[in-house]
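Student: Chain by chain, the residues run as shown.
Protein chains: 2
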Amino acid sequence: MNERLKKQIDFIREIDRIKDIIRKSKRFKSDLYENDAEHSWHISVMAVVLFEYSNRKDIDLLRVIKMLLVHDLVEIHAGDYIFYTDKQAEKEQKEKEGAERIFGLLPEDQKMEFKGLWEEFEARVTPEAKYARVLDRLEPIMQNYYNDGSDWVKHKITSGMILDRNSIIKDGSEELWEHVQTMVSEIVRRGIIE
Amino acid sequence: MNERLKKQIDFIREIDRIKDIIRKSKRFKSDLYENDAEHSWHISVMAVVLFEYSNRKDIDLLRVIKMLLVHDLVEIHAGDYIFYTDKQAEKEQKEKEGAERIFGLLPEDQKMEFKGLWEEFEARVTPEAKYARVLDRLEPIMQNYYNDGSDWVKHKITSGMILDRNSIIKDGSEELWEHVQTMVSEIVRRGIIE
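For the record, the sequence lines run as chains A and B. Just so we're aligned, residue 1 is where the first sequence starts under the working numbering, counting upward by one. Just so we're aligned, residue 1001 is where the second sequence starts under the working numbering, counting upward by one.
One or more hints might be untrue.
[Claimed, not checked] Below are the BS3-like pairs computed for lysine-lysine, each with C-alpha atoms no more than 25 Å apart in a straight line:
(1) B/1087 <-> B/1115
(2) B/1029 <-> A/24
(3) A/29 <-> B/1111
(4) B/1115 <-> B/1096
(5) B/1029 <-> A/94
(6) A/7 <-> B/1057
(7) A/96 <-> A/7
(8) A/7 <-> B/1170
(9) B/1115 <-> A/29
(10) B/1115 <-> A/57
(11) A/24 <-> A/154
(12) A/6 <-> A/111
(13) B/1006 <-> A/57
(14) A/111 <-> A/7
(15) B/1091 <-> B/1154
(16) A/6 <-> B/1029
(17) B/1029 <-> B/1154
(18) A/170 <-> B/1007
(19) A/156 <-> A/26
(20) A/29 <-> B/1024
(21) B/1029 <-> A/96
(22) B/1007 <-> B/1096
(23) A/57 <-> B/1111
(24) A/7 <-> A/94
[Unchecked claim] To list a few chain A residues with every Cβ distance to chain B over 12 Å, as calculated:
(25) 56
(26) 80
(27) 94
(28) 97
(29) 98
(30) 150
(31) 166
(32) 167
[To be verified] Here are a few chain B residues that sit away from chain A, every Cβ distance over 10 Å (derived from the structure):
(33) 1022
(34) 1079
(35) 1122
(36) 1125
(37) 1157
(38) 1161
(39) 1191
FYI, nobody ran anything at the bench for these hints, they're computed from the structure. We put the beta carbon where it would ideally sit given N, CA and C, even for glycine.
Kindly generate the complete structure, drawing on both the sequences and the hints.
Tutor: If you want it as structure tokens, here you go:
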């Protein structure tokens, strides 16, 4: 086997471990928590289904999906921090190291491409990254909404925190941001969170 | 919420059930069997990483990935048949019904798009479908190879069956087909399967 294919296969085998990274949000139709592979698959499908709600329709959807497919690979080494963490600096440092390690398995040109996708996603400057972020944020909000806010209650999350930390959704989709506000209001109205 | 978004969300919630469909092949780095969501994620990443080995480089990779993301949704109703099944007709009928049910949750235009992607994948006529098939077939072969052929042994699969049923890989990638033949030969040489 040539050296290039060997590196690519080493990467393909190693990323299997993302299936062991358990997230902090429950699935839509189950009491189980989902893992990062399931999450990455789900939001990639959502990116296709909900594309008409992107603020910008002239973006490269393939690039969006590539970002979503690989955005959580850094967690193989860094682990999954709760979204409302107070350890933001530690998280960023660990994820940076995680990116070096996981994407460093690939041949140099692909390492640069994949690391670039992850950095673009994190920086949320390009319209593709802004739309990709919408799906990554929307999924756990929807999951919590359909699970009667159970993980928000568990972690003492308020509606103010949810709306504040997720307002970047509107940079990618005004329409889906409106839908998020409706879901959060309803959970508050039902007395589940403050 | 408008009727269209409601249908899209119903679909997004329902496909969560694909995470309960357990496949017949073990993961790369674990003794666990993977589920259809994990599988669909993994082969979508593989489609990006291994794209240079596609016989045709002028194909639409976004279309390939869309096929891979949704190709197993029919199993929510049909279940996962072992690949070397002798119940091929029953499997096809159940999957056709499964496609109607799952994609039928979407607004009509998206139902047609997603059903079309699934039919294109099944028909394996377009170059996109031929390349998509490569990844879907390659993953379980690699998983078995790195698990010392354990599921092949369990189901009494011979090298002749593997090479016969998977020879369509070469229609999408001559180079990866060569790699498959090497892996199978080695497992035979080691006396694990016939």
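Student: Which hint numbers does the structure go against, in order from smallest to largest?
Tutor: none
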